[in-house]
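Number of protein chains: 2
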Amino acid sequence: MQQGVENADCLSLAAGLVDPQTLPVELVKEAADQILTPETGPFALQYGTTTGSDGLRDVFKDYLSELEDGSPLAASLPAGQIMLTTGSQQLLALVSQAIFNPGDICLVAAPTYFVYLGVLDGVGAQTIPVHTDGDGMCPQALDEKLAELAEAGQLHRVKMVYVVSYHDNPAGVSVSNERRPQLVSTVKKWSQDQQIFLLEDAAYRELHYDGPRQRSLWSYDDSYSRDEDQTVILSQTFSKSFSPGIRVGVGVLPRQLLKPVADLKGNEDFGSTHLSQNIVASVLQSGAYAKHVQRLIDSYREKRDAMLAAAEEFFTEIPGVSWLHPQGGLYVWMTLPDSVPTGFSSRLFEQATSVDKVMYVPGELCYPSSWEERPTNQMRLSYGVLSPADLRESMRRLAAAVNTVLAESAS
Amino acid sequence: MQQGVENADCLSLAAGLVDPQTLPVELVKEAADQILTPETGPFALQYGTTTGSDGLRDVFKDYLSELEDGSPLAASLPAGQIMLTTGSQQLLALVSQAIFNPGDICLVAAPTYFVYLGVLDGVGAQTIPVHTDGDGMCPQALDEKLAELAEAGQLHRVKMVYVVSYHDNPAGVSVSNERRPQLVSTVKKWSQDQQIFLLEDAAYRELHYDGPRQRSLWSYDDSYSRDEDQTVILSQTFSKSFSPGIRVGVGVLPRQLLKPVADLKGNEDFGSTHLSQNIVASVLQSGAYAKHVQRLIDSYREKRDAMLAAAEEFFTEIPGVSWLHPQGGLYVWMTLPDSVPTGFSSRLFEQATSVDKVMYVPGELCYPSSWEERPTNQMRLSYGVLSPADLRESMRRLAAAVNTVLAESAS
Numbered sequence: 402m403q404q405g406v407e408n409a410d411c412l413s414l415a416a417g418l419v420d421p422q423t424l425p426v427e428l429v430k431e432a433a434d435q436i437l438t439p440e441t442g443p444f445a446l447q448y449g450t451t452t453g454s455d456g457l458r459d460v461f462k463d464y465l466s467e468l469e470d471g472s473p474l475a476a477s478l479p480a481g482q483i484m485l486t487t488g489s490q491q492l493l494a495l496v497s498q499a500i501f502n503p504g505d506i507c508l509v510a511a512p513t514y515f516v517y518l519g520v521l522d523g524v525g526a527q528t529i530p531v532h533t534d535g536d537g538m539c540p541q542a543l544d545e546k547l548a549e550l551a552e553a554g555q556l557h558r559v560k561m562v563y564v565v566s567y568h569d570n571p572a573g574v575s576v577s578n579e580r581r582p583q584l585v586s587t588v589k590k591w592s593q594d595q596q597i598f599l600l601e602d603a604a605y606r607e608l609h610y611d612g613p614r615q616r617s618l619w620s621y622d623d624s625y626s627r628d629e630d631q632t633v634i635l636s637q638t639f640s641k642s643f644s645p646g647i648r649v650g651v652g653v654l655p656r657q658l659l660k661p662v663a664d665l666k667g668n669e670d671f672g673s674t675h676l677s678q679n680i681v682a683s684v685l686q687s688g689a690y691a692k693h694v695q696r697l698i699d700s701y702r703e704k705r706d707a708m709l710a711a712a713e714e715f716f717t718e719i720p721g722v723s724w725l726h727p728q729g730g731l732y733v734w735m736t737l738p739d740s741v742p743t744g745f746s747s748r749l750f751e752q753a754t755s756v757d758k759v760m761y762v763p764g765e766l767c768y769p770s771s772w773e774e775r776p777t778n779q780m781r782l783s784y785g786v787l788s789p790a791d792l793r794e795s796m797r798r799l800a801a802a803v804n805t806v807l808a809e810s811a812s
Numbered sequence: 402m403q404q405g406v407e408n409a410d411c412l413s414l415a416a417g418l419v420d421p422q423t424l425p426v427e428l429v430k431e432a433a434d435q436i437l438t439p440e441t442g443p444f445a446l447q448y449g450t451t452t453g454s455d456g457l458r459d460v461f462k463d464y465l466s467e468l469e470d471g472s473p474l475a476a477s478l479p480a481g482q483i484m485l486t487t488g489s490q491q492l493l494a495l496v497s498q499a500i501f502n503p504g505d506i507c508l509v510a511a512p513t514y515f516v517y518l519g520v521l522d523g524v525g526a527q528t529i530p531v532h533t534d535g536d537g538m539c540p541q542a543l544d545e546k547l548a549e550l551a552e553a554g555q556l557h558r559v560k561m562v563y564v565v566s567y568h569d570n571p572a573g574v575s576v577s578n579e580r581r582p583q584l585v586s587t588v589k590k591w592s593q594d595q596q597i598f599l600l601e602d603a604a605y606r607e608l609h610y611d612g613p614r615q616r617s618l619w620s621y622d623d624s625y626s627r628d629e630d631q632t633v634i635l636s637q638t639f640s641k642s643f644s645p646g647i648r649v650g651v652g653v654l655p656r657q658l659l660k661p662v663a664d665l666k667g668n669e670d671f672g673s674t675h676l677s678q679n680i681v682a683s684v685l686q687s688g689a690y691a692k693h694v695q696r697l698i699d700s701y702r703e704k705r706d707a708m709l710a711a712a713e714e715f716f717t718e719i720p721g722v723s724w725l726h727p728q729g730g731l732y733v734w735m736t737l738p739d740s741v742p743t744g745f746s747s748r749l750f751e752q753a754t755s756v757d758k759v760m761y762v763p764g765e766l767c768y769p770s771s772w773e774e775r776p777t778n779q780m781r782l783s784y785g786v787l788s789p790a791d792l793r794e795s796m797r798r799l800a801a802a803v804n805t806v807l808a809e810s811a812s
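In order, the protein sequences belong to chains E and H.
Using our numbering, read the first sequence as starting at 402 and increasing by one per residue.
Using our numbering, read the second sequence as starting at 402 and increasing by one per residue.
Next comes chain E alone, as it looks inside the complex (with noise of 0.2 Å):
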């Protein structure tokens, strides 16, 4: 990506960088003040503990309840399996570390986050993909990719299933309400003779734009409510809804983690950054976040709306185009003919990044599976930084670029 990144011209659609425009910063400045007063702010500013202030993990109990309106485990979780991180990246990556060895399995949707792909590759893990569609990972699919993987003698080796649930990077998919249950009764029909965990990466939960919100998966797992091995890992991060910089994420975990994640955790930082935990804690508990979010919502939807109607008027008379319509998330997917190729070493994006001067990620980063068998004319398209106008005219590079390659093919 170095080329579009040093060409100051080029429009870039490919950062999944949050919008510098809508940070918070008169809000973290508000709540630095209230806490960094002498009566607080040596608590502050002093070591928390490895996993996290208890102010912000008992708010976020609450502020959990809430998401899960009509799911009684919430109400009910111990804010002791309640962990902080260092983003919720750190969370995917000490989960990732306590759970696999190497040559085990991890089944994943396709596309999926690239991102975690890397992290997956970093323990050793095996990267299986499971089909998936508009209504996010297929249930039936991964039943029959884990009857096969019993079949050949290899279930011991598969320990995660990993399902970004919310608007997810990079297709901007969601799994459908009927599909939640199934996914964690799958898993669970799975894991009798050994666990079998589910990763639910809700990093996009609260950038939901359209139609009546969603319980997690998580909120399935009803072992929560029992004295049992637990099966769902839940992922969250104030990156996406707040500000990245601050660096705090959040998960909820099975109780049978809690110690080995722990005390992964305690050896590599002792613990994520107190300050910023309790700036999350005051303006969750204040309200201010609530109607920070829903400002956000209201300015991705517009962003979002910017790109989809760019897409209409750049795209629609293009044959063989298509893309998928979020309704959250930062992610527009666009498929283009499949003689269009769209990676880093395609004639597209060269044309794109220097002569049409706008950046998109290569889908094909996306997969878990083996280069030869990815798609390869897909594009993750990023709403997230760009202006709405700014939006409209990327998406008009980016067509003439798709124009000027299928007219060389043509010709």
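These are calculated hints, taken from the structure and not from any lab test.
Since we're looking at a predicted model, the values are computed, not measured.
A couple of the hints might just be wrong.
Each pair may be met inside one copy or between any two copies, as identical chains are not told apart.
[Claimed, not checked] Result set (DSBU-like, lysine-lysine): computed pairs, CA atoms no more than 30 Å apart in a straight line:
#1 K589 with K430
#2 K462 with K589
#3 K430 with K692
#4 K590 with K430
Start from chain E and add chain H according to the hints.
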């Protein structure tokens, strides 16, 4: 330690915490207010880079030059070899993950920082103690140990030597000026065929109360001035000298470690708290940090003096007791008669925590050797948290407990 923690009237000489009274609440508030403006706030609240804020790395480089007066290495150090982490703990953990395979060997001072022993255990490294006295790790003993390992065909497994170079945890000992270059050259001497790193943990560097300041071991690694592999990893932190709760550690990495460590950190968390890094850069640049450190030094010197005076007052009469006089840091290291074990299950520990109401860290926790080989009659006494008056009272209680145990064993 649960005993002491649950005991509200127990005075703790155990916690390695910094003094809450001198935490820079007002300074952090001012810095946060300066940063959280519409112009600069969005930058601080956005993702930074994995290796940390360029601003802080540049300012730290200048600060390191000051600390190393006389050494040209800091002035010519590329800022890209500086990495910002979640406290120095994360730096220690990441370099250990990058360097060690299970079964590899780390040579360490004895006693040494016991938390790092846990990190080494976590990556499967063996630890081998090197003779250490009041001038720090003994270079000749290091040389002999390495010769022994070479003789035994084990040199290829030795990957690192770990030294807390200033006012160490637990003994308050600094490596003498004479030994600093000797330790570096000894490690280099045995690194001809394969790399041995020297990890210099300089966490207590700035808490220096008496005598001339010392250059780091790192400053003697002249490979930093040449186009070749480098030996010393320098680890520093703002936890002791500023605030643990903002979690800002900083390391200087040999260039051949940059990519492996940055890759691990990328998987782990994408980078530590950007807001905290901006706060530290602001106070370093304004000079407020230097003034704060001077105030800290004055305050801790007074507490150290109070503890040493109380040791004099209450322990001089007890035969067979001795203690070191630290010139900095947070700890006094005390040795009792051989007949008074200090461990968690000892009579002294019970008497001290349950009857006399005072807590300490048993010295035997701080040794890498097997349990049978560890001295059992030492204690780490921290003067970080308590006031001078409470320090005197806790030393009075501790002496009372020791006297009780001695009287029992005499009867």
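Results of checking the hints against the structure:
For the homomeric pair K589 and K430, neither the shortest alpha-carbon distance inside one copy (45 Å) nor that between copies (49 Å) is at most 30 Å. For a Cα distance limit of 30 Å, the shortest separation of K462 from K589 inside one copy, 25 Å, qualifies, whereas the shortest one across copies, 53 Å, does not. Taking the shortest Cα distances, K430 and K692 sit within 30 Å of each other both inside one copy (16 Å) and across copies (24 Å). Proximity of K590 to K430 under the C-alpha cut-off of 30 Å is found in neither arrangement, the shortest distances being 49 Å within a copy and 53 Å between copies.
Of the hints listed earlier, those the structure fails to meet are numbers 1, 4, in rising order.
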